[in-house]
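Colleague: Chain C is already provided as a structure; the job is to place chain R on it using the hints.
The chain contents come next:
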Amino acid sequence: MSSEHRDSAPPRAGFVFSLNDPTVRSLVYQILLIGTIVLIGWFLVYNTLDNLSRRSIATGFGFMGREASFAIGESLIDYTPKDTYGRAFVAGVLNTVKVSVIGIIAATILGTLIGVARLSSNWLLARLAGGYVEIVRNIPPLLQLFIWYAVITESMPPVRQALNPLPGVFVSQRGVRFPVPAADPVWAWVGLALIVGIVLAYVLNRWGRARQAATGKPYPVLLSLLGCVVGLPLLVYLAGGAPTQLDVPELRGFNFVGGMVISPEFFAILTGLSIYTAAFIAEVVRSGILSVNWGQTEASRALGLSSGHTLRLVVLPQALRVIVPPLTSQYLNLTKNSSLALAIGYPDLVSVANTTLNQTGQAVEGVVMIMGTYLAFSLAISGFMNWYNKRIALVER
Amino acid sequence: MTGTVENTAPPAMAEERPPVATVGPLAWVRNNLFNTWYNALLTVLIVWAVLRVVPPLVDWLVIKAHGFGAPPQECRADLGGACWAFVAEKLRFIMFGMFPYDEQWRPLLVIVIFIALLGASCDRRFWHAWFGLVWLAGLAVVGVLMWGGVLGLTPVENTYWGGLPLTLILSVIGLAVAFPFSILLALGRRSTMPAVKAICVTYIELIRGVPLISLLFMASVMFPLFLPTGVTVDKLLRAQVAFILFAAAYMAEAIRGGLQAIPKGQYEAADGLGLSYWQKMGKVILPQALAISIPPLVNTFISFFKDTSLVIIIGLYDLLGSAKAALTDPSWRGFYREAYLFIGLIYWAFCFFMSKYSQRLERDLNRSRRH
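Line by line, the protein sequences give chains C and R.
Just so we're aligned: 737 in this note's numbering is position 92 of the first sequence, and the numbers increase by one with no gaps anywhere.
Just so we're aligned: 318 in this note's numbering is position 263 of the second sequence, and the numbers increase by one with no gaps anywhere.
Calculated directly from the structure, the hints in this document are not laboratory data.
Keep in mind it's a predicted model, so treat the numbers as computed, not measured.
Treat the hints with caution; some may be incorrect.
Unchecked claim - Lysine to aspartate or glutamate pairs mimicking EDC-like chemistry, simulated, CA-CA at most 16 Å apart:
1. C:Lys727 with C:Glu712
2. R:Lys411 with C:Glu779
3. R:Lys290 with R:Glu212
4. R:Lys379 with C:Glu799
5. C:Lys981 with R:Glu260
Chain C extracted, bound-state conformation:
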């Protein structure tokens, strides 16, 4: 370690092996360390292979092509027990992605609202938000999941006496059923129009900003945004004949058919994770806002910026610089915590991999698959957030 000095050491005429030479010493240390680790690794691998051959379990991922023969409660892709383990795993990964993405969005919105509420000049609101944070973040997330799961499976009425808070919406032990527009080819076109609209809005916005920077002519941001994102899909919808048919759930036999369902498991994991993570995001947002000096606001008001412009052009860019790095780790935490789904039976990737490794005995492969997938998620999220962070970082001299 004291090799920091080696640059200043005078060049030696002949090489003398001596442990007093920092370079030699550090080399010896590193060789010893690597040797130890290789030795331990070899010991573990040897034992594992030995144990596996004794139990006659074949190593490798060949089992992924075999028939899974277990059912998955909910899946974004078509899946039946006749499909392969590989397809089951993909279904699990997609379920994890689904709960993480929706959870991140919900937690960000809720967390931002609560973080801002904690700074409110309204004493009651600030106290209420503070109480939320102090209660929620000090209770284990797994306990919170159990509570939400119990609320829906034990406190909600059975299917036949389902609550009906809104016409067409049914809340029971089996989850929440609500009507969705009936299948119609028009909806696919509307979705396409929405994507086109978002891209168009982005491009127009950039062009408008560049024009404003060059000529000073203001660009109607909100109007063009609304036109592209809402107007375009609406136009397509009307052009497609405006189908109003709804797929309303109705009680038939022992369960509802039709409509869309939010399963109790998905409800519990989504609510639990969003509420838990929101408490942490609230603290991140609060400290971010507090980090911006009040003088910045005063200065921008003195320059004649409106309070909206002050927030958008002066305060927020500086606050985001503080907010984004810890926010990234909260997003990562939420994604990792989605593995708690296993405890309440939501078929996420851990749950599917767990069933797989129990059925096939491929313990090493199962754990490697779980870890590998989460590592990929972690890298993807931190990569994206680092890119975003670089984009919003203030350019200093």
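Modeller: This is chain R only, laid out in the frame that chain C set:
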């Protein structure tokens, strides 16, 4: 503060009270609750919501609640009140798991020892090397009490351990063992030796990139494969190892933050005095770096304490696990609110006090560093 001002001021005039609109409770209400129209609206909405929620809650919790001795039939007949009889009936099961009934004073004593040690550790007067020995002695007593087999105590297999002692053992021992390991990892991450640095970075990022559950899985299904045939390690120890591996990576990051906060001059001064690497770190850098790292380390401990609840997934009965097991008793089914509220309060109390303590410590340390 105004002592000197009063001395030089002219003889006091008849004191005039400020206008009612700026001081007093009325002004406070006006300034803090009704200062703008939207705040007034919010206040009214919140008061309305609180009035809707709190009275029924108090009703359920206290007023309509059933007595501690109420049989389950009575509780079932009227679900409008909490059934504290369930918690009273299952209290010892939830707190101590399946520990033999007559021996449950032992886990109780373990809880008391842990709380005393943790409480004493909060006092900075005890932050000396000898207190480490007190901890070691305390942990030894804990081990004797839990395992038994000596001093006339009946031996108890660790498969019967459960409840709060298990939660405390997993988190405190996990932390204690992971601590020296994490210091080495943090130092290794800042090492100039490329191989050491690469190994430490890989380890830390790998562990931090995967959920704790996957490590627990590794502990429960892969560890047995790692060991030579015939050698078995029990489930609790495997879970404990997983926790140690997990905690070390997170604590190493907290300590790295402390190491980075030490000015370069300190390193250079230690080098200038001719100290060896370990002397430099042990006598100059680490004492300062660890002091700065204590608040983030306490935060790590809090999340770690909450995470011990995950052992339920590999079939250990910690506080959450034993509460869930208590709920499966057919005659007491369905009283999950009372059970979860009870253990939620225990978890909350531990975490809340630790987080308040870490906030206070952070303030104190910052104050002393500014001088």
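Colleague: Indicate, hint by hint, whether the structure satisfies it.
Modeller: So, going through the hints one by one against the coordinates:
1. C:Lys727 with C:Glu712: holds, 6 Å
2. R:Lys411 with C:Glu779: It holds: about 10 Å lies between the C-alpha atoms, which stays within 16 Å.
3. R:Lys290 with R:Glu212: holds, 12 Å
4. R:Lys379 with C:Glu799: The hint holds at about 14 Å.
5. C:Lys981 with R:Glu260: holds, 14 Å
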